[in-house]
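Asker: Here's the letter readout for the chains.
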Amino acid sequence: MSDRPDSLPEPGDDELARLDDLLTRDGVWDEPARSLEDEIVAAIAAESRSTDGGEAADVGEVADLGERRRRRLASPERVLGAAAAVAFVVAGVALLASGDDGSTTFALSGTDAAPDASAEVEVSATPAGLKLVLDVEDLEGAPDGYVYEAWVGNGDVAVSAGTFHLRGGDAPIELWAGVTDPSFEQLWITVEPIDDDLAPSGDARLSGTIEMPADE
Amino acid sequence: MADLIERFRAGDPDAVRTVYREHAGAVHTVAYSIVRNRDLAADVVQQTFVKAWRSASRFEGSRELTPWLYSIARNTAIDMLRSEMKPTRGGHAPEVDVGVEPETFERSWERFEIRRAIDALPETEREVVRRSHLLGHTHEAIAEQLDIPIGTVKSRSARAHRRLAAALAHLANQGGDDDVQLQEDPR
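From first to last, the protein sequence lines stand for chains V and Z.
Per the working numbering, the very first residue in the first sequence carries number 117; after that it's consecutive.
Per the working numbering, the very first residue in the second sequence carries number 76; after that it's consecutive.
Next up, chain V with everything else stripped away, as it sits in the complex:
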C-alpha cells in the first residue's frame, strides 16, 4: 500500500459509497483467534523436528489439528469412550439452594480417589451459556503436569467446562459450558494430564448431579 497517500487521488462520493459497501461486507473485520499464531508456529516447529529435515508430509494430512479444536468445543460428538467412562457413582441431586436470579446451588461429593473433598456449585444460565461457580473444599492442588477439568455430561457425551489447578489457594472458580440440554445433569471434576488427548480421563475426584437452570 502507498506510503504517500496524499499523492493518491481523493475518492469521489460514488467511490466512497462503494468503499463503504466493501468495508461493511460480512466478516471482513473479524479477527482470528488470538491463540492461533502460537499454535501454528508450534505445530510447524514440531513437525519440522519430527521430519528431521526430510520432506514434509503430504499436503492435506492436517486432520489432527482440526479434530483437536473440535474436540475442545462443546461438540455433541465427544462420546465417552471406555477409558473415560464415568467409573464412579454419581451422587443424586443435592440441591442446596435456589437463588432469586434463577441460579441453583448444588453439592459435589468426593469420589473414592478424594473421599474428603467436596464442593458447592452455583449454576446459572446466561446468554453466553451455563455459568458454574465452584467453591471447592479439601482438594489439593493438581500435580505439576496435570490440571483439574470440569465436565458436564448426560452419560453418553461430555462437554468440558474448563480447567483449573487449585495450587494458589481455594478461591471460587468460575467455569463456563455451552450446553443448555436439560439431559446434561452430570457434573464431575477429573484430573487430566496436560497433553493433546482431550477426552475425559476417567480419574474423577468430585461428582454430582445438577438440574440445569432454565435457558435465558
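What the hints contain is simulated information worked out from the structure, not anything from laboratory work.
It cannot be assumed that every hint is accurate.
If you want the footprint, here are the derived chain Z segments under chain V, 3+ residues with CB under 8 Å [claimed, not checked]:
| hint | segment |
| --- | --- |
| 1 | 121-130 |
| 2 | 184-194 |
| 3 | 213-226 |
| 4 | 232-241 |
Examples of chain Z residues lying across from chain V (beta carbon under 8 Å, computed) [claimed, not checked]:
| hint | residue |
| --- | --- |
| 5 | 91 |
| 6 | 108 |
| 7 | 117 |
| 8 | 208 |
| 9 | 229 |
| 10 | 246 |
One-sided excerpt, in silico: chain V residues whose CB lies under 7 Å from chain Z [said to hold, decoys possible]:
| hint | residue |
| --- | --- |
| 11 | 124 |
| 12 | 140 |
| 13 | 143 |
| 14 | 164 |
| 15 | 249 |
| 16 | 273 |
| 17 | 282 |
Here a beta-carbon is modelled for each residue, glycine too, at the ideal position from N, C-alpha and C.
Position chain Z against the provided structure of chain V, taking the given hints into account.
Answerer: Frame of chain V; chain Z shown alone:
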C-alpha cells in the same frame, strides 16, 4: 520476498509469524465466509498455514504468496464444510453427501482482498475506518472515543480512503457473476 519464503519453507518461527501476521486476517475472512462458524474457521486458518508450509518446497519464490494462500484457504474451507455437512453418526442412515454451495470464488476472493487492504492500513487509520464504516460512528464521536482532535480523525480518514480506493480499484467493476482474474497485489 524470496528470502521470506525461503525462511518460511525452513520453518523459521519468525518467518512463519511474519507470513501469518500478514495474511491471517484475510485467510480467516475467507474461511469464515465459507464455513460460517468461528471454530471451524480457526481450524481452516490453522490448516491453511500448516499446509502452506508443507507445500512451500513447491512454491516458486518469484510468485505472489497472497493468491497461493488464498487458494489453499478456500479449498481447505470447502473441504471442511463438506466434511461437516456429512452426517456421520454410526448406526444411522448411510452418509449422504449433502450438496455444498460455498460462496463463489469471486466473492470470497473479493473479501480476501478487502481484508488485505484493511490490514495494510496503518493502525491509526484502520481504527478510524473501522469505527466509521463498521460501527457507523461520526467523526465527532470517533474524535471523542479516541481522544484526538476531529481534524486528526478527518485527515486519517481521508488518507485511509485514498489508500483503500487505490488498493481496491480492481474490484470496482466486478459483479457477483463475473469471472475475475487473480490480480497482482496492487501494492
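Asker: Would you pick out the hints that fail for this structure and give their numbers low to high?
Answerer: 3, 9, 15, 16 and 17
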